[in-house]
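Engineer: Residue strings, one per chain:
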Amino acid sequence: MSKSLSWFNVTALVLGFAFLYIPILLLVIYSFNASRLVTIWGGFSTQWYGALLENEQLLDAAWVTLRVAFLSSLVATVLGTMAALALTRYGRFFGRSLFSGMTYAPLVMPEVITGLSLLLLFVAIGLERGFWTITLAHITFTMCFVAVVVQSRLVTFDRSLEEAALDLGCPPFKTFFIITLPLILPAVVSGFMLAFTLSMDDLVIASFTTGPGATTLPMRIYSQVRMGVTPEINAICTVMIGIVTVVVVFASIMTKRQEAQRKRDEQAAAAH
Amino acid sequence: MATAGEKGIGRLFVIAVPYLWLLVLFLVPFLIVLKISLSQDVIAQPPYAPLLDLSQGWAGFVDFLSQLNFDNYVYVLDWNNEFLDAYGSSLIIAAVSTVLLLLVGYPIAYAMARAPRTLQPTLLMLVILPFWTSFLIRVYAWIGILSQDGLLNQALQALGLIDAPLEILNTDLAVYIGIVYSYLPFMVLPLYAALEKLDGTLLEAAEDLGCPPMRAFWLVTFPLSLPGVAAGCLLCFIPAVGEFVIPDLLGGSDTLMIGKSLWTEFTVNRSWTASSAVAVLLLIVLVVPIVIYQNIQARQLEAGK
Amino acid sequence: MAKTRTQTIGAVRRTFSPWTDATATPLIRFENVVKRFGAFTAVNNVSLDIYEREFFALLGPSGCGKTTLMRMLAGFEDPTEGRITLAGQDLSGVPPYRRPVNMMFQSYALFPHMSVADNIAFGPKQAGMAKADIDARVEEMLTLVKLESFAKRKPHQLSGGQRQRVALARSLATRPKVLLLDEPLGALDKKLREETQFELMDLQMELGMTFLIVTHDQEEAMTVADRIAVMNHGVLVQVDPPAAIYEQPATKYVADFIGDVNIVECVVDGCFGGDLRLSTPITPHPLQIAQGDAGGVKTGDKVWLAIRPEKLRISLEAPDAAAGNCFAGEIFDIGYLGDLSVYHVELPCGTRIKVSQPNLSRMVERPISWEDKVYVTFTPHAGVVLSR
Chain A
0 MSKSLSWFNV TALVLGFAFL YIPILLLVIY SFNASRLVTI WGGFSTQWYG ALLENEQLLD
60 AAWVTLRVAF LSSLVATVLG TMAALALTRY GRFFGRSLFS GMTYAPLVMP EVITGLSLLL
120 LFVAIGLERG FWTITLAHIT FTMCFVAVVV QSRLVTFDRS LEEAALDLGC PPFKTFFIIT
180 LPLILPAVVS GFMLAFTLSM DDLVIASFTT GPGATTLPMR IYSQVRMGVT PEINAICTVM
240 IGIVTVVVVF ASIMTKRQEA QRKRDEQAAA AH
Chain B
0 MATAGEKGIG RLFVIAVPYL WLLVLFLVPF LIVLKISLSQ DVIAQPPYAP LLDLSQGWAG
60 FVDFLSQLNF DNYVYVLDWN NEFLDAYGSS LIIAAVSTVL LLLVGYPIAY AMARAPRTLQ
120 PTLLMLVILP FWTSFLIRVY AWIGILSQDG LLNQALQALG LIDAPLEILN TDLAVYIGIV
180 YSYLPFMVLP LYAALEKLDG TLLEAAEDLG CPPMRAFWLV TFPLSLPGVA AGCLLCFIPA
240 VGEFVIPDLL GGSDTLMIGK SLWTEFTVNR SWTASSAVAV LLLIVLVVPI VIYQNIQARQ
300 LEAGK
Chain C
0 MAKTRTQTIG AVRRTFSPWT DATATPLIRF ENVVKRFGAF TAVNNVSLDI YEREFFALLG
60 PSGCGKTTLM RMLAGFEDPT EGRITLAGQD LSGVPPYRRP VNMMFQSYAL FPHMSVADNI
120 AFGPKQAGMA KADIDARVEE MLTLVKLESF AKRKPHQLSG GQRQRVALAR SLATRPKVLL
180 LDEPLGALDK KLREETQFEL MDLQMELGMT FLIVTHDQEE AMTVADRIAV MNHGVLVQVD
240 PPAAIYEQPA TKYVADFIGD VNIVECVVDG CFGGDLRLST PITPHPLQIA QGDAGGVKTG
300 DKVWLAIRPE KLRISLEAPD AAAGNCFAGE IFDIGYLGDL SVYHVELPCG TRIKVSQPNL
360 SRMVERPISW EDKVYVTFTP HAGVVLSR
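Chains as they are written, first to last, in numbering that gives the first Met the number 0: chain A, 0 to 271; chain B, 0 to 304; chain C, 0 to 387.
If you're looking for bench data, these hints aren't it; they were derived computationally from the structure.
Pair ranges (Cβ atoms, derived):
(1) A/V154 with B/G199: 20 to 26 Å
(2) B/K196 with C/E198: 38 to 44 Å
(3) B/I91 with A/V154: 34 to 40 Å
(4) C/E198 with A/F176: 33 to 39 Å
Because the structure is a prediction, the values reported are computed rather than measured.
Beta carbons: idealized from backbone N, C-alpha and C, even for Gly.
Kindly produce the complete structure, drawing on both the sequences and the hints.
Structural biologist: What follows is the structure, encoded as structure tokens:
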């Protein structure tokens, strides 16, 4: 299906991407607005970025968010990969359908329910709320996203590679680390990145499970937005968008290059 | 693979760790929510009657049962308390948004799937990229566009299309725009996945057998993309029903959505028992679509595609 | 040098038949092995002995249980019942990574993130060999499969035939007692496949190893194997050398699965020592068949006569009575294959018989053509009588 694009398809793509990108673009443009009013252009300025650096509360929140995101996505990647292995590799076991249900449900579960239920758990067991409860909550809901990403790689994984390693005398545990893991690593890494972004992004679950002293960046932004829209928020948003764009674009260019190299090699091999 | 070596401790460990984690941090919390929704409010910390006290043995269990009451459900299901309206309006807003998402997302996914192969990865990345940026930021961006003196009204007035600014922000319309905008990647991706798999020769066969392109679309392409349509719709509908941030930031004070009601009940009215009842009822409303979604997800992932 | 080697191999091949020697101990024994997956029985009560230095083929259609049987030997599946021994050692409970058996996978299963040399070194490394020994072994294996200059390449930089040889080298690098080959040549094109079959045979002789090959390609099995086990629905139907499988099939199924065959339903009219007289509705004349021994059939039994197309003679002139058995019919279809032609002859009753004839000369004065009246003749030794 790779004909040239018809006018209908071009229109759909142009309108679709305009809809997706214009709001973000405007947000970025207005972060450089000299005027205090967000919607009226008062000339180019970077003053709001300077103001960011002096806003201790915001920087604190950013630091908390990064720590939570890093720690939770790390644990979620390990747990999610294990869940994916359990679901694809080990056939039937007791309570498997309950397990797969619990793995897929958080993907669509309304955040208010997840947040409330986790809060009530933390209260019931008397866990002091703050950094650690947010981290636990984030591990729980992001590990399911990791599981789905890794699982979709594992189902297309050629099992005979693992069998070949076993056959050549390599025990199962070692086989996982020297054969399976290196080959599913791209999926594990994108699972980690997904978990990291979801954790960075989360407002509702963090609001429920937080305690005094642990305010995340989305919570800080949210409370400022409720008080009124300011260019300063545009500035912090632009910084976050910039970081994400650079990382994602860089990652996809790297994979694209690798694929192109691989394709060239394969063509060269076929020509033998 | 059922070899002797694999049935050992490694297998048990890999299954048990995530399993126990999800049991303790996903399933047990729901049971607690269920229990608290059946408890009475007390002025204490925590503000509800105690959970099951196992130290009392059988008597404690009988006591536990006798303490269950449905007052919170009576409260939530009372027409005067707006929760029923909120459930209804959430379902309607989510359903309408899902239809809008399908109408917007299908042409995009279709155009992507028919684009030149070399262009497709780039297009795919362009759809996914906004998803990586913060949800909150994307909703926030619309405040500046939709507000009374916002960019949209400025543009429309400058073009002379309207005289007085339109009131869009703080209405249901803004909520629809916000949901369609934020959830669009969730709709486009499953649709693209289904359309991209479609064998181009099927359409050629249909045309070869005398079917004009438009009819070929309805007779071949669309039916074969239905799994993608189902996945995309559920992936958008279910979280949209419980959405909190979008109605809170873009909707008006009269925009009723159950996620917002739950949040208000919890943070403003501080009734943990009533918010638990709201959550349980929300889950009951969503249980059918969630189960359907899980089945689709499990089938897709476990069948190996 | 090459000549003497070939002569030695020839000498071994001429006399190699341990399965006829009652005193020989088999290397691999399957004893009443059963494998069930849920309600499905993949392998049903298989007992089989395979001897050292044998090139053994498991042949059957897909889903017949041949791959499962091999995977049980490799250790990827556990038998539901029965046991498997290797050189006298019971393999039950021995995981695949502790079995002195290596497998060459159908997909080759080359580790894509490792170079050719690292792939070959994988087994020796797991066995804990010294670095210098591993290097020497890799070198030796690369020479064996003639890929010396490809050591640094990654699998995706190789052609299909080269990958196949790397896979072979990798599975041989640990010097296993038995090499298992799962459809090893399935991915190669016809010409390369035929070449590689002979290479495999020579390699097996040279290394003096036991090879067990799983294939659905009967020509491949006939070419490479000392003995073939034909499987169907999880059961061993016949285990014999290729010539016996072809010329003395044990059942209709084997006769039909291996090569082309005409199967004619008959009734035994009489037994005269090893000779049988059969009557069949497709021809008015009784058929004379030399069976060697009567094969347990007696007068009145319903049997099937299996005759290969190349064992039939076709002619335009009526043969004399001494020519043996004869059908008269008409040419219905002709397939010209170059080296030979295949004729479908329709008998008056409507039954069609397949006959193949070599095209011995370039010019024929009067070639057999469509709708010609022809006579199909065959000797008493041409067909074999089957009772099941």
